[in-house]
Structure formats: C-alpha cells, structure tokens
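Undergrad: Each chain is listed here by its residues.
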Amino acid sequence: MLFDQLPQFLLSGLTSGSIYALVAVGFCIIHNATGMVNFAQGEFVMLGAMIMISLTQDLGLSLPAAFVLSIAGAMLVGLFLERIPLGLARSRHILILVLITVGFSIAVRGAASLFWGKTARALTSFSSEAPLLLGNAVISRQALWILFLTMAAVTLLHVFFHRTPVGQAIRAVADNRRGAVLVGIPVARMVMVSFALSAALGATAGILIAPITGMHYSAGVMLGLKGFAAAILGGYGHVWGAVAGGLLLGVLESLAAGFISSAYKDALAFLILLCVLWVRPSGLFGQRTLKRV
Amino acid sequence: MAEAASSLLVLRDVCLRFGGLQALMDISLHVPAGLWSALIGPNGAGKTSMLNVICGLYAPQAGDVLLEGRSLYGVPAYERAVLGLARTFQTVQLVQEMNVLDNLLLGLHTQGRVGVFGHLLRSSASRREERKMQEKGLELLARFSLETLWSRPVLELSLWQRKLLELSRAVAGDPKLLLLDEPMGGLTMAERESMALLLQDLRGQGMSMIMVEHDMDMVMAHTDHVLVLHHGRLLAQGPPREIQADPQVISAYLGE
Amino acid sequence: MSAGRTAAARPWRRLLPYAILATAAALTPFAVTDTYLLSLGSLIGLFALAVTGLNLLIGMAGQVSLGQAAFFGLGAYASGILTVHHGLPVGLAIAAALTLTGLVALVLAAPTLKLEGHNLVMATLGLNMIFTIVCIQWESMTGGSSGLFGIPAMSLAGVNLSSDRNFFYLVWGVLLAVLWLCSNLLRTRPGRALRSLHQGDLLPVSLGIPVVQYKIALFVAAALLAALAGCLYAHYLQFISPHSFDMFVSLQLVTMTAVGGLGNLWGGVFGAAFLLLLPEWLHAVPDVMPLLHGLILMIVLMFCPRGLLPALKNMARKIWRGHG
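Top to bottom, those sequences are chains A, B and C.
The opening residue of the first sequence carries number 0 in numbering that gives the first Met the number 0; numbering runs sequentially from there.
The opening residue of the second sequence carries number 0 in numbering that gives the first Met the number 0; numbering runs sequentially from there.
The opening residue of the third sequence carries number 0 in numbering that gives the first Met the number 0; numbering runs sequentially from there.
Think of the hints as simulated: they come from the structure by calculation, not from any bench.
Even for Gly, the Cβ is constructed at its ideal location relative to N, Cα and C.
Some hints could be false.
What the hints assert, rightly or not - Covered by chain B, according to a simulated footprint, are these stretches of chain C (three or more residues, beta-carbon under 8 Å): (1) 69-83; (2) 198-205; (3) 208-214.
So here's chain A without its partners, still in its complex pose (with noise of 0.2 Å):
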C-alpha cells in the first residue's frame, strides 16, 4: 500500500524541505536588508558544499574544522558581491541590482568549474551510513543531521534577531530604512552583515546536503530556485515564514512524487506555488496589504 509509504514521505520532503528552509532564510534576510533577490544564493550554497569537499578530502582537514572554514569561506565571497558588483554598481535600480546578481552567480559558476571541474563529487557522511529505523519508516543519519542542524540554526537565527543588538538593528534596518539611519544605526553595515549572514546559511545548506545527493558546480541553481520559491510560499521576507514554507515546499514535492508522478515532482511543486501565489498574492504567512481599488 502507498499509504504505509506515507511516513517514508513525510520525513524525505522534511529533510530536502530544511535545506530549501535555509536557503528560503538567506533570500529574506537580504531582501529585508536590502529590497533585492538575489540570484546568487544558490552559488553560496555550491561554494560552502565545494570548498568542504575540498578542505576534507583534497587537504585531509576534520569535519568541524572543515566546517568553519568553508563557511567564513562562503561570508567571503557574499561580502565580496555587496561590496565590488553591488557597492560599485553606479545605478541604485533594483532590477539592474537584481540582473547583476545573476552575472555574478554566472561568473562564480564558471569559475567553479575551472577550479572543481565539472563532475560531481561526493562528500563523506557527517556520521555513519548505516540508516535508522524509525517505526516502518527508514531515515538516514544524515538526514537527522540535517533535521537538527537546521533547527539549530534556526533558532540561533531567532536569538540573533531577538537578543542581539546587532541583529535588533538589522530588524531596524528592515523595518524602516530611513529611520534606521535617523536613529544612527550603520544601515551600510548591516547590509555587510546581512549578505555574510545569508551566505553562511546557504553555505550552511550545501554542506548539510552534499553527503546526499553529491554537488558540483551547478548545482547550486536548482536548490537557490527552490529556495526563492519556499521564501515566496512563506510571504517574501518574512523568516519564519520562509522556514515554514521550506518545510512545505519540501514535504508537497516528495508527497506529490510518491502519490503523483515523480517525473512531474517539480512541475507540480511549482504549480503549487502558482496557485498560492494567485489566490494569495502576499503568500501564506504575508499580511495581506491594503490594495487601492
């Protein structure tokens, strides 16, 4: 019976659905920041899963370690797209803003595959391979990594926003742009802040799912779209809307390629999208804002 398999689903659209969460996140926090999308998430998650590759496999590096290095590594390059492309740009437009993402995520692509080459490579699990029983369901131990990481981050995320002063200013900042920089807050740093923030956790994502499913130097773009696609399903910009849409999004691909048609999984995802988007234009979890008639 399918229905058994129902269990089987939820947990693999859960697990693919947290990393689609935490890309979701990165696409939020730089739009509240800055009012923009920007097309090279995806690249960060690529760089963080490539450049833990390389740092445990090329120079024999620990996990952790690895970890921390590939992620500071991907804050980089994130600060490196705010300040150059974006900082130099000499038009504020978003939409010029928005294209330059794309040429920059481009551009890391194809250096990507100058340096990492163009087939996919493997990383090695954080734990053992042997999965784990979980009633009739199986569940791998990465996957409960990857479940629990991203709880972990979410919630730091939460404490950040809520405790920090830092991350109280970057709310600000969101909130009110104008006032924020009335009241004396460094908005241009928050906005550094914000991008390094968001590329840590699509650096983040990348990790936790290159021991499944492999990565290589494109393959960041599918994940990114996921990603913009849950943000919107949660309501653009809201962060706990865009975890709550990851989750769903994640959950209604696996259910609809179990009980569905798995050839059809992400025309399906997408058409879900489509009607949400047409019956509620500010997503599920948006406020809906007052419109002129």
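Given chain A's structure and the hints, the job is docking chains B and C onto it.
TA: Positioned in the frame of chain A, the structure of chains B and C alone reads:
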C-alpha cells in the same frame, strides 16, 4: 433632492475605513456647478482621501458619489476621467522620461478616437489625430506660458513649471470638475498669487473646482465655498466669511 | 512654435536607423559566406524579436517576466507538433501556434499581473519551469529531452524560406517591420499611455487610462512576439529541444534587454547581438568562457546601467564633438 439635481457633485453618507482607521465618516455634501470650492482641515482630516474617493482611487465602504446626478458606484477611476473628472496631485506627477509636450498630451488621452491598430500602422487618421493633438497641446502650453519649453525633459523644470504643466494637463480634456490637491504647496508668495489668478481665470470660464489647500489666506481671499473636514467628519461648510467666523472651525484649528 | 515643424521636418532622422540596419542586413549574406555565422545572424534577429516584446513589458510597464522563453518555446513546440504529428501546413500551424500562445498568455495575464516585484518574477519563472518539465516528460508529443525532429521547412510560392540566406532575410525583415510598428505606437497616444504605466497606477488611472487592460495587452503582445520568434526558429532549425526554452534563456532575454537599455527599442537589438556574439568572441578560450561571460555582464550592468547602446552613443557624440 431638488438640490441634488442641480448639484454637479453630491456625496451621500460616504464612509471610508482603512483597517481600523476611520478616514471618512458619513460625509454628505453638494457641490454646485461653476464654483471654486476649498476643502480644508488639519493634517490627517481626510482631505486627500476624499479626493481619492471622488476620483475613484478608493472605494468607500458605504455611501455614494454622484456626478451630475449619476451614481459613480462601481465606476472605475479611469472611466470617471472620461465622465469629466480631472485632478492634480499633492506631489506633482509627471512622467520623467517624457518631454513637456508629451506629458501634456497625456491629458488628452480620452479625446483620441483612432485605435491601436491605426496608430501601429501610422494610418493617415493616426497622423491627422496626432497633428491635431500636438496643435491643441501647444495652444494649451501657450495658455500657461510653457510653450517655449515644449521639447524639454520634465526633469529640467522648476517646481512652479511642473505645477503649471500638471494643471494644464488636468484642464486639457475640459473636465467638468477639477480636483486640485494643494496647488499652492511649496510655491513662493508671488507664485501663489499667479496660481490664484490662473485658477480664477479658469473659474471665470465656468470650470468647477475643488481645491485642497493649507494656505488659509488664499482660501479665504479667492474661493466661493469652503468645506471643513475634521477627523473624517464634515465640520462645516459655507462661504469663506461664515466659515472664518464659525466657532466650531476656530476651535478645531486652535485645538490642534 | 516649432513642434509640428521640428517633429516632421527631419523624418529622415527617424528612418536613418532602419535604413542602416536594412542595408546592413541586405548586404550581410554577401559578406558572410560562413553558413554558421549567417545562422548566428538569424538567431540574433530572432532573439531581438523576443527581446522587443520583453523590452516593452519591462521598459513601459515595469513588469519583469522571467517566463518569456516559455512563450518562445510554446510557439516553437505548438507549431512543431502541429506540423509533425498532425500534418498541418506550416502557415496554418504558425497561425494556430500564435493563437494558442495568445490565449494562454491572456488566461495567465490577469492573475499573474496582479502580482508585483518578486512574486511576478517567481510566478513567471515557475511557468517557465513547468513548461520545461512538461516538454521533457511528455515524450509522445514533444520527443522528450532528445527533442522534436523532422519539423518541415517553410516555403512561400516555391521559395524555400528556411535556407540560410532566405531565412536571414525573413527574420530581419520581420524584425524591422516589428520595430517600425512598435516605434509608431510609442510615438502616439497609446504609446504615451504605455510610457506612463511604470509610474504606478495613480497617474495613468486619473488620466483615463485603463491600466489593467493596457498591461494585459502588453503581456499578450510580448508573448506573441516571443512565440513568433519561436515558430520561425522551429521551422528554420527543423529541430527543437526543451533546453532551448528553459529559464536560462528567459534570464538571457532579460539580460539582453537590460544590457541594450531598458525601454530602448534599438538597444534591445544591440543587446541581443552583444550577448549572442560574446560567446563567439570568447570561443578561443572555451574553459574560461562562462567566467568571462559573467564578468562582462556584471561590469556592463555596473557601469552602463542605462544600457550599452546609449553609452556608446554618448561616447561617439563626445568624440565627434572633440573633433568637430
């Protein structure tokens, strides 16, 4: 009802809410044709909201707006322009990328009869209509002493010139009722006087106007009829002299 | 009072770019003997056609669609399938494909155009993803990821329009005609209304411009231009595959528009040429090509945000003045 029949514009029990905020409460009024009316009131009294209700940008939750006795209920904003409503904005709205003449010609949009396909193919009808519109546009610009600037991008205009251009665009289609949102805002004393003279001329030619304005001296010196809004209610209405003496109005203004 | 005079006095100034481009297009097949380069020229014309529609949508209405390649593909696949599987004559198939695309765009326009900013981008992107997946999965109709073969060539009165040279003329002829029509439109009443749209609804609506109808018309027109390019593409190459119409192509169309100059009709043609020729110039260094492609794109957008064509024009004017 007899009054309603002779009125150009009638508002009947209009209520407008934004979420929990009551912007307009039970507004009922008549605006006779041919008058220059002023809409005054402290900040946040609902003046611009009322203009937006009249021209159809906001749909009131209750009540109705009638133009020449015809209900505008459910009539979208762009059709109200065809019916004879025109307006200017608190912050001047011009299309930055277009020159002065093209911006003015936007005011003649509803006058065009040649369809999209005629224009696409540059038919002789299209060329004739465009030539006529350009001539009419230049005439209008001349009326507002902007004719020498016709080919300039609007970015190069001063605030006074922008206000003039916006006003000329609004009157281009010979509207029945002109809604002016702070036409004197940001202008110098001399420019205010010139604007008042222009508006007086318009009224002399039979144009009906409702003007939101903060400059009380201008309002009292030039307008025929004053409507006072306070906290979304119509506090008083009448000739300027009466309004100036109305104790309710005085206390509303002094109470601020 | 010189408005009428000045506008009409130098009609040649308006005709000049058409004359230059038409002459260049007429001579190219004689100068370029390499069929690959000639077909690249045709491809530039096709993309310029799709970019022209997108340029109106983004430049006039400020609405960024990342699904333009899906309409491009819908035209190509509809026309391809109708001729290959149903044996329709090419002309009829193209007409049917355009009608179908127009209807699809019309149905999608109303709910999609209610969306703004990111949501519109996502929705159009989603449409493109769905289209690509359906093209890959619906193998019996589309031939799946290996593509649809055996699409018949176009011919008119015994002349094969799909030969390299004739197709080149056809595409550039169509493109010049479309550009002429669009610039006619933009100079007149409906064009002024379109140009006021990106200002927000407040102004156009108060001037009596039915904003929603105009935006829907623009969306459908942009889709039709893309579909027309798609139909021509399918009957020229006689083979189509899903990845020619995926989201990267949509992204490339938007980039062509921005690189050429938003809202600038000639700029769009220039942007299409620039982005399609760029990989050719970088061909000598195949490995670094994607990296350089990304970098050049980034640098152009960083330093010429109003587009390459206006920037080049400015430069030329300065040099001219310097010497004159």
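Undergrad: Any hints this thing doesn't respect? Which numbers, in order?
TA: 1
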